[in-house]
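Trainee: Next come the chains, spelled out residue by residue.
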Amino acid sequence: MDSVLFQGLIGLSMAMYLWLISAGLTIIFGVLRIVNFAHGSLYMVGAYLAFTFYGLLGWPFWLAIVLSLLGTGLLGFVMERGFLRRIYGIEEAYQLLLTFGFILILDDLVKIVWGGVFKIPQIPAFLDGAWPVFGRPFPVYNTFIIGIGVLVAVGLWALFEKTWWGRTVRATASDREMANAIGINVPRVFSGVFVFGSMLAALGGALGTPVRVVAPGIGATMIIQAFIITVIGGLGNLKGAFVSSLIVGILSAYGTLFFPVFELFFIFVIMAVVLLVRPQGLFAG
Amino acid sequence: MKRGIGIFSALLFLTLVLLPAPPAVAQCQLGVPAIKIGVQGAASGPHADYGRQIEMGATMALEEINAAGGILGCKIEIKFMDDENKAATGVKNARYLVTEWGAHFMVGTDSSGVAMAMGPVLAELKRIHFFTHAATHRLTEELVADKKIKEIVRVSVPVYQDAIVAALIFKDRPEIKRWATIGADYEYGVVAWNMFKETLKRYRPDVEFVGAAWAPFLTLDFSPHVSAVMAQKPDAIFSTPWAGEAVMLIRQALIQGVFDQIQAWWQAMGGSVDVLEGISSEVQRDRFKGKLWATARYIHNWPDTPENRAWVERFKKRWVRLPNYSAETTYSSLFIIKAAVEKSRSLDTAKVIEGLKGMQIKNPGGLRVFRSEDQQFVYNVPAGRVVMDPKYPIPVLGDLKIFDAKDYYRHPPFTPVAATK
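From first to last, the protein sequence lines stand for chains S and W.
Numbering of the first sequence is given in this note's numbering, commencing with residue 321 and proceeding in unit increments.
Numbering of the second sequence is given in this note's numbering, commencing with residue 1171 and proceeding in unit increments.
Hints are computed from structural coordinates only; laboratory data are not their basis.
One or more of the hints may lead you astray.
Claimed, not checked - Keeping only pairs whose Cα atoms sit at most 25 Å apart, straight-line, the calculated SDA-like set for lysine to any residue is:
| no. | chain 1 | residue 1 | chain 2 | residue 2 |
| --- | --- | --- | --- | --- |
| 1 | S | Lys439 | W | Pro1563 |
| 2 | W | Lys1459 | S | Pro457 |
| 3 | S | Lys431 | W | Lys1486 |
| 4 | W | Lys1459 | S | Phe586 |
| 5 | W | Lys1347 | W | Ala1257 |
| 6 | S | Lys439 | W | Leu1492 |
| 7 | W | Lys1403 | S | Ser323 |
| 8 | W | Lys1249 | S | Ile425 |
| 9 | W | Lys1461 | W | Ile1339 |
These numbers come from a predicted model, not from an experiment.
I would like the entire structure built from these sequences, with the hints used as guidance.
Mentor: As structure tokens, this is what we get:
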């Protein structure tokens, strides 16, 4: 029994990475109506920037995370203002082409800047080690990730429900023409939301740096998982993204424990089952 | 007068016909502008250092061979391509290298999955590929010995080293009874684990195989795999993810306190330079408590011969890195090509294969002997514990366990090993 609970807790920490990346993806879709396939690449850029400040330059981990968020946010700003803005009015196929193009460009760009070889810096001393949970050592780092994930969830709820900016964003999401008519600067909201979503992706990437791997191509892996999660949760629905991150993270961990042979397609089975029962996703409509 | 014309004509003849020949430069005796060798490896993602090392090994061999006059007077050219660790890309690259670029030979390839997909295509392209890392036994046992695809030659030691050497070492550890695997979820991880189980069971009927967790390529977090197998309370772990994924896995296992709970962790290919660099600080702090065992297809600190030491020095000077095994196996492949072409005096596949027969060649990694039945080069590599050695900036394999190659290579005729999970 203890090992089942322990596995669930490990799954919960996996879920939090998924949550951080899918939160940004779903917010951007909810407001801009853009499926940003390059969102995983923003996760990757966030990881590389954090690696540069923390692993290469040896700056404090917290500072590296903040700088990585700012840097990736700036990249998001350039992407939105310079490129995405031009295709809002036209067919979705162009969004796909443009954002997919960004995946290739950013993958090659990180190869040129940081080289093709993987990077894994040291774990910060204050996050190293483990404590006993259900009779087994549970990593401090995974506990930290769970904490950050929950904080971000609460923070996002407060931001969208309790602040003026949140209300503006929700108004723009539900009817952009009406929002425009009542004096909301819609293009500015779009930029703000895209930058914010990019920073959430970067947060996931930056937090993973000391325990995961930083390498070209990780963005493509992440976007597949994040996309599945937003589809399960209902595209554009933040609560849905949180719940489906938990479902996918925890069930995948149990899949590894109980059905190791099916590891490769377990996440797709979860998606298929949810879509069979609720084609619009868990929380949409 | 007539005689004068005769002399003049003779001089003219000599001037026109003989002098234009390039003075003193050896001409390619095979009638090609250059011998072209296509090189492939994984050069992006967590496994990228392997492709990089393959490229470094090939480049160094090219420089040395060309500086010494080439092969039968022919310069060699190489073209490196990233196979992205994907079967489709490897096959596509092979087709491009042969049909468009005009490769006479190919070398490299990291993943067994890529190698198995390329095998039948090589027969169609009629070009020999010298495999320098891909390790599934099926490449040589099935595709060569059984299906007679003569275009496959393997220069690196196959999965025998990862699986059978591990069994030979741990059969003598009676306290280790419960084994679990964290496996790379493809051909290589599956056959390594099955071969290990089959071999160990023969020596130690008392051992149990208590758990398995399988991780596909590009797994970014092994925490669920580690906790899943640790739930079975194993005495030892047999682990096959490699390169950057091995580093990540071992470090994620460390923070789950795995090394306090087990007796041994066998990391197949953990003797790879990129892995040793990645876990250097943990080894320095002795966080594995001497329980981390690893193997490789060549290690730079063995054999302790003047040839190997000199090669490692040249490599360090050229690339400012220690050579990984994929560098040594690829470097050696080019010298094997040189020896075979010089013997057969041809670039024709069938004749070069004839030229390989009976070959015994000294490489940095020691003596390699060509085995015709499965076209596998047989040579020896030890396994050992991951330790620090003051002579090197990064950890090395120490406490070496050296077995005779004949004791851990499988021999024809081959009996099948289970290839499913």
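Trainee: Give a verdict on every hint.
Mentor: Here is how each hint holds up against the structure:
Between Lys439(S) and Pro1563(W) the alpha-carbon distance is near 18 Å, which keeps this suggested pair within the 25 Å criterion. Only pairs whose Cα atoms come within 25 Å are accepted, and Lys1459(W) paired with Pro457(S) is accepted, the gap being roughly 17 Å. Straight-line distance between C-alpha atoms of Lys431(S) and Lys1486(W) comes to about 23 Å, which keeps the hinted pair within the 25 Å bound. With a CA separation close to 35 Å, the supplied pair Lys1459(W) and Phe586(S) exceeds the 25 Å bound.
Restraint check for Lys1347(W) and Ala1257(W): the C-alpha separation of about 37 Å exceeds 25 Å, so the hint is violated. Distance restraint check for Lys439(S) and Leu1492(W): the Cα-Cα separation of roughly 18 Å lies within the 25 Å cut-off, and the hinted pair is therefore satisfied. About 10 Å separates the Cα atoms of Lys1403(W) and Ser323(S), which keeps this hinted pair within 25 Å; it holds. With a CA separation close to 23 Å, the supplied pair Lys1249(W) and Ile425(S) stays within the 25 Å bound.
Pair hint Lys1461(W) plus Ile1339(W) holds up; C-alpha atoms about 13 Å apart against a cutoff of 25 Å.
Going through the hint list in order, the structure does not satisfy hints 4 and 5.
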